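**Q** Please build the complex by placing chain B on the supplied structure of chain R, with the hints as guidance.
Quick note, the sequences are listed as chains R and B, same order. For the record, in the first sequence the residue sitting at position 426 is 425 according to numbering that gives the first Met the number 0, with numbers rising by one throughout. For the record, in the second sequence the residue sitting at position 285 is 284 according to numbering that gives the first Met the number 0, with numbers rising by one throughout.
Everything labelled a hint here was simulated from the structure, so no lab data went into it. Where hints are given, some of them may not hold.
To be verified - When the alpha-carbon atoms are kept at most 25 Å apart in a straight line, the in silico SDA-like pairs for lysine to any residue are as follows:
| hint | chain 1 | residue 1 | chain 2 | residue 2 |
| --- | --- | --- | --- | --- |
| 1 | R | Lys92 | R | Val242 |
| 2 | R | Lys92 | B | Thr58 |
| 3 | R | Lys50 | B | Leu275 |
| 4 | R | Lys92 | B | Leu60 |
| 5 | R | Lys92 | B | Asn61 |
| 6 | R | Lys92 | B | Lys171 |
| 7 | R | Lys50 | B | His277 |
| 8 | R | Lys92 | B | Arg55 |
| 9 | R | Lys50 | B | Gly274 |
| 10 | B | Lys171 | R | Arg11 |
| 11 | R | Lys50 | B | Lys171 |
Remember, it's a predicted structure, so these values are computed and weren't measured experimentally.
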Amino acid sequence: MSNIPETGRTPRVQIRLVVIQVLVLSLLLTLGGRLWYLQIRNGQEYTDEAKNNHVQQVVQPAVRGSILDSRGVPLADNETRLVVSASRTELMKMNDDGKAVLTRLADVLDMKPKDVMDKVRLCDAKTPQPCWNGSPYQPIPVTDEATTQQALQIRERAEDFPGITAEPTAVRRYPAPGLANTAQVLGYLSPVTDDEIAKAQDTDSPYLRSDQVGRSGLERTYDKELRGKAGVTRYEVDNLGRVIGQQRSDDAQPGANVITSIDARVQAVTEYELNQAMKAARKEMDRNTNQHYKADAGAAVVMEAKTGRVIAMASNPTYDPNSWVGGISAKDYAKLTGKKSNFPLLNRAIQAQAAPGSIFKVVSSAAAVNAGYEFDGDYPCPSSYNVGSQVFKNFESRGYGNITIGRALEVSCDTVYYGLAHKEWLKDGGMKPKKDAKNWFYKTAHQFGLGAETGIDLPNEVTGRVPDREWKQKYWEANKDAWCKQGKKGGTYVQQLAYEGCLEGNLMRAGDSVNYSIGQGDTLVTPIQMATIYAAIANGGTLYNPTVGKAVVSPDGKNVRQIAPKSHGRLPMSKKTRDQIDEALAGVATRGSAAWRFGGWPQDKIPMHAKTGTAEVYGKQTTSWFASYTEDYTIVMTISQGGTGSGASGPAVRKIYEAMYGLNPKGEQNLKKALMPQPQVALPTIEPDGSIDAPKIAPYEPPKDPLDEQTLAGPPASPVRRD
Amino acid sequence: MAGTGGFSVSGYGPERGTWAKLAARDSVVRRLDWPLLFSAVALSLLGSLLVWSATRNRTQLNEGDPYFFLVRHLLNTGIGFALMAGTVWLGHRTLRGAVPVLYGLSVVLVVLVLTPLGATINGAHAWLRIAGLSLQPSEFVKVTIILGMAMMLAARVDAGDQTYPDHRTVAKSLALAVVPMAVVMLMPDLGSVMVMVVIVLGVLLASGASNRWIIGLVSAGVVGAIAVAALGVLDEYQINRFAAFANPELDPAGVGYNTNQARIAIGSGGLTGTGLFHGSQTTGQFVPEQQTDFVFTVAGEELGFLGAGLILFLLGVVMWRACRIARETTELYGTIVAAGIIAWFAFQSFENIGMTLGIMPVAGLPLPFVSYGGTSMFAVWIAVGLLQSIRVQRPMSA
Chain R
0 MSNIPETGRT
10 PRVQIRLVVI
20 QVLVLSLLLT
30 LGGRLWYLQI
40 RNGQEYTDEA
50 KNNHVQQVVQ
60 PAVRGSILDS
70 RGVPLADNET
80 RLVVSASRTE
90 LMKMNDDGKA
100 VLTRLADVLD
110 MKPKDVMDKV
120 RLCDAKTPQP
130 CWNGSPYQPI
140 PVTDEATTQQ
150 ALQIRERAED
160 FPGITAEPTA
170 VRRYPAPGLA
180 NTAQVLGYLS
190 PVTDDEIAKA
200 QDTDSPYLRS
210 DQVGRSGLER
220 TYDKELRGKA
230 GVTRYEVDNL
240 GRVIGQQRSD
250 DAQPGANVIT
260 SIDARVQAVT
270 EYELNQAMKA
280 ARKEMDRNTN
290 QHYKADAGAA
300 VVMEAKTGRV
310 IAMASNPTYD
320 PNSWVGGISA
330 KDYAKLTGKK
340 SNFPLLNRAI
350 QAQAAPGSIF
360 KVVSSAAAVN
370 AGYEFDGDYP
380 CPSSYNVGSQ
390 VFKNFESRGY
400 GNITIGRALE
410 VSCDTVYYGL
420 AHKEWLKDGG
430 MKPKKDAKNW
440 FYKTAHQFGL
450 GAETGIDLPN
460 EVTGRVPDRE
470 WKQKYWEANK
480 DAWCKQGKKG
490 GTYVQQLAYE
500 GCLEGNLMRA
510 GDSVNYSIGQ
520 GDTLVTPIQM
530 ATIYAAIANG
540 GTLYNPTVGK
550 AVVSPDGKNV
560 RQIAPKSHGR
570 LPMSKKTRDQ
580 IDEALAGVAT
590 RGSAAWRFGG
600 WPQDKIPMHA
610 KTGTAEVYGK
620 QTTSWFASYT
630 EDYTIVMTIS
640 QGGTGSGASG
650 PAVRKIYEAM
660 YGLNPKGEQN
670 LKKALMPQPQ
680 VALPTIEPDG
690 SIDAPKIAPY
700 EPPKDPLDEQ
710 TLAGPPASPV
720 RRD
Chain B
0 MAGTGGFSVS
10 GYGPERGTWA
20 KLAARDSVVR
30 RLDWPLLFSA
40 VALSLLGSLL
50 VWSATRNRTQ
60 LNEGDPYFFL
70 VRHLLNTGIG
80 FALMAGTVWL
90 GHRTLRGAVP
100 VLYGLSVVLV
110 VLVLTPLGAT
120 INGAHAWLRI
130 AGLSLQPSEF
140 VKVTIILGMA
150 MMLAARVDAG
160 DQTYPDHRTV
170 AKSLALAVVP
180 MAVVMLMPDL
190 GSVMVMVVIV
200 LGVLLASGAS
210 NRWIIGLVSA
220 GVVGAIAVAA
230 LGVLDEYQIN
240 RFAAFANPEL
250 DPAGVGYNTN
260 QARIAIGSGG
270 LTGTGLFHGS
280 QTTGQFVPEQ
290 QTDFVFTVAG
300 EELGFLGAGL
310 ILFLLGVVMW
320 RACRIARETT
330 ELYGTIVAAG
340 IIAWFAFQSF
350 ENIGMTLGIM
360 PVAGLPLPFV
370 SYGGTSMFAV
380 WIAVGLLQSI
390 RVQRPMSA
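For reference, chain R alone in the conformation it holds in the complex (with noise of 0.2 Å):
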């Protein structure tokens, strides 16, 4: 067989031989085990990797809810537009990119090409707006504002503009129902980001890149029933991004609606009658400053007394919620939180705080009968009070010689308050307070919830400031420092007060309590505290947390979450100091301080109660303020540098009234023409197609012939004060 003649084979030759094989076998080995390594040790890592790299989602945006009021108007809906968008995953495909299409496009559109190649070119680093950064799978719009000509021109010629969709889609609305703008409830949407993207990525309700957030209002307190539940289609796609396989789709949700408390009506009036009564404040001359009174903020509150649901609430300045609405432009961003503007984005009935002034006396009376003062003793209304060298007097000076409390209340005494007050300082200890003072005024003003939250459901509510003891304190401790570096004895008024801060500014100094007895000094209180105390007097003493929102309502309307009213306390005071106070504030409505506004009233069918007042501010002109009830309502408005309670606010609030419980100025009722004799109670329904049988209404007509003011203030201005 073989012609070679045979070699034997040497040694060297087979042992080499086993070392190849040997080095074979473990080269053989180490690959085995590392394919061990991969695919059975780590092989989940790689598979949730695999997973990342070819699924990609698209998302079909949730229809947001409405925001309804109580009779199903909508506050907050959307609208369809027709936005155009471009495909980038279709684009792409393109030899050109896709430039010929989206040329055409910007044709039809009637924009400039670039514009249009600007608004879908992606994101990054170096890129300047306008640019895409949403998902690259995402269809990019391209305009909002399509007019239903050009999408049909757009769909008629597909094969003109592949990767071209022209859709219907739902944009937010604020429609202002009867010119109801009530923008701070409502709240405004922007856009979500990164931070936040990040934080709800592993919750239930994760964010998606194109999301609009509820920032304030409304729109955040309900943000996440609002949002509903946006639909995700995953697609399977290859390494350039075209679609190999659709893996699951999730339909959107709709979000749900939130059907509130407001009236539209009543909120058209309320902020008609604010703005109203701003602007006349405004012809007013101070007589302390010799100008025109400002006027340069105002809130306004109408509250169901017995549930504490909100009717109305206005807050003054104001702006149109649709300007944010498609992404806010810089410049109506610059208008809107600027100084010049004076922040209309604040809601100021829970936001702006201000010394209540006389308001506060209910508080006072209160405390006066827990610390065992006897309503209805003998108490001096002298037209001034000394505290040792300071003399604190009575408005416009007067005095009405010894008065019950109640009558102190009707007339707004001052020095009645002054008297209790320093009392009470003395007993509890004056300048070394004794370990069991009682600080009955300050106590009971924490009972009726000032200094908190009120809990209403609107975000980034404020609360007040009882300036007790503690909070002296602790102010001073934050502030001595600055004090004592400005504080001079004896120079200006400013560095005067510096210099006594610095020195004993922890201390209450029997002045600071006989100044906070009649809401003034450092006392600050919102006016939906105010609300709240005035409605809880009303209803018999229940502290309600005030709510907008009444009812979550599925999109098909069979699903209802009411939402109940809550309470945070009880007014503290017996039923007997409870009715005595009811009864002063109706005084105050026909013979005290705010009686000449309410001439005609019909006292005897509707009851009318109220406590005006004027607080002095540092530096700035008078607030006016005016808390008012009847059975069902409790009216609050405010006025900053607006003047007296009654001369600014009152007449306000007695319109708003009438126009609720359809009155003249004469005192007729019209039930035909009244918006609201009764607290609304039924829900408005939603039909199982998303539907809503709202009633059309028409803007608010204020009364065409006011009667003069003579009239209107009825029989001769009885000798009380006006504030």
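**A** Same frame as chain R, but now just chain B:
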């Protein structure tokens, strides 16, 4: 057994029929290494499935025909099989006489690559385009280096003049290998050069050349590698390719992308894989060059640990049989040829699979039998033919 039973019709007489001849005890067919042949066929057929899966969606490559690569891979396998049969029929000893011609031809072909006839594919200028066919001459060079060196080294040993090849012979045989290697280096096709270096080592080991040559060669290789890196002879892309296997983040858009996607594909296969045609990485074409250099990732993803392990096992069988053939033959020429082939297959498989697993740098080398590619397929089947021939023609021990 043929020829032992009374009813047997085969095995006797001077005029045996073809089938009888094939079945005869000393027939070529009976003496073929069947496990080797079976494994090589199995690897090629498995390869055709993997290549098919990797390419049926690659419309830019397959001209819209999902079977384009499947058909061609099978055709290549068929041609390869025929080349193997031809090699066995001729016999490696007959071929021994033609080695100088074959060697010369292969050197001419690699040189031609450097002329305008050459073509660049994937950064390597390693291809010849002749009459619409792409040829990678460096694959043939691997065979001719083995044959040429074996011929020189074994000549005097097999003649009984020497126990081991002397230094002069070793030096001459090295010179013979270095010429085509230098040309391939110029292309540059670094992967092939690396394989050739390992082939030379295997050949020298099996030839019984002095240890000094082995040690010297290995040290020279290490020093050379360091020098190449230090002197910046390599192009930027080559260095990136080299570094990114360990750290894909080094070059995430380039080679790092390849290695990363390859690792994801293999890792996501798990024990049993996603099933043929169902791998998302493969269907989505996330792994570049998946039908050629990265074909192992298809097995990893779609056939899982079991399928990928089967490929390793079959390659193991091929090399195990080759080792047996190398040891069993008594002529040095056959031993050296077999050892060269083992070194070639073993290193090329290790490098190819190793780079998909992220333990070896990325180099453009096909996986023997499995990867798509005509020249490579022909070359490995010729090698199988050589191995079979060595076994078939081995001197029978009495």
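**Q** R/Lys92 and B/Lys171 were given as a pair; does the straight-line alpha-carbon distance stay at or below 25 Å?
**A** This hinted pair is violated, its Cα atoms lying about 57 Å apart.
**Q** Does R/Lys50 pair with B/Leu275 here, judged by a C-alpha cut-off of 25 Å?
**A** Status holds; Cα separation ~17 Å.
**Q** Measure nothing beyond the straight line between the CA atoms of R/Lys50 and B/His277; if it is 25 Å or shorter, mark the hint as holding.
**A** holds (13 Å)
**Q** Can the restraint linking R/Lys50 and B/Lys171 be considered satisfied, given a maximum Cα separation of 25 Å?
**A** Distance of about 56 Å is beyond 25 Å: violated.
**Q** Given the hint that R/Lys92 pairs with R/Val242, does the C-alpha gap stay at or below 25 Å?
**A** With Cα atoms ~12 Å apart, R/Lys92 and R/Val242 stay inside 25 Å; holds.
**Q** Under the criterion that the straight-line Cα-Cα distance not exceed 25 Å, is the pair B/Lys171, R/Arg11 satisfied?
**A** holds (21 Å)
**Q** CA of R/Lys92 to CA of B/Thr58, is that 25 Å or under?
**A** Holds, at about 14 Å.
**Q** Given the proposed pairing of R/Lys92 with B/Leu60, does the C-alpha separation stay at or below 25 Å?
**A** Distance of about 16 Å is within 25 Å: holds.
**Q** Holds or violated: R/Lys50 and B/Gly274, Cα atoms, limit 25 Å.
**A** Roughly 16 Å separates the two Cα atoms, so the pair holds.
**Q** Going straight from one Cα to the other, do R/Lys92 and B/Arg55 come out at no more than 25 Å?
**A** holds (20 Å)
**Q** Do the alpha carbons of R/Lys92 and B/Asn61 lie within 25 Å of each other, as the hint requires?
**A** At roughly 18 Å apart (the allowed maximum being 25 Å), B/Asn61 and R/Lys92 satisfy the hint.
The structure fails to meet hints 6 and 11 from the earlier list, while all remaining hints are met.
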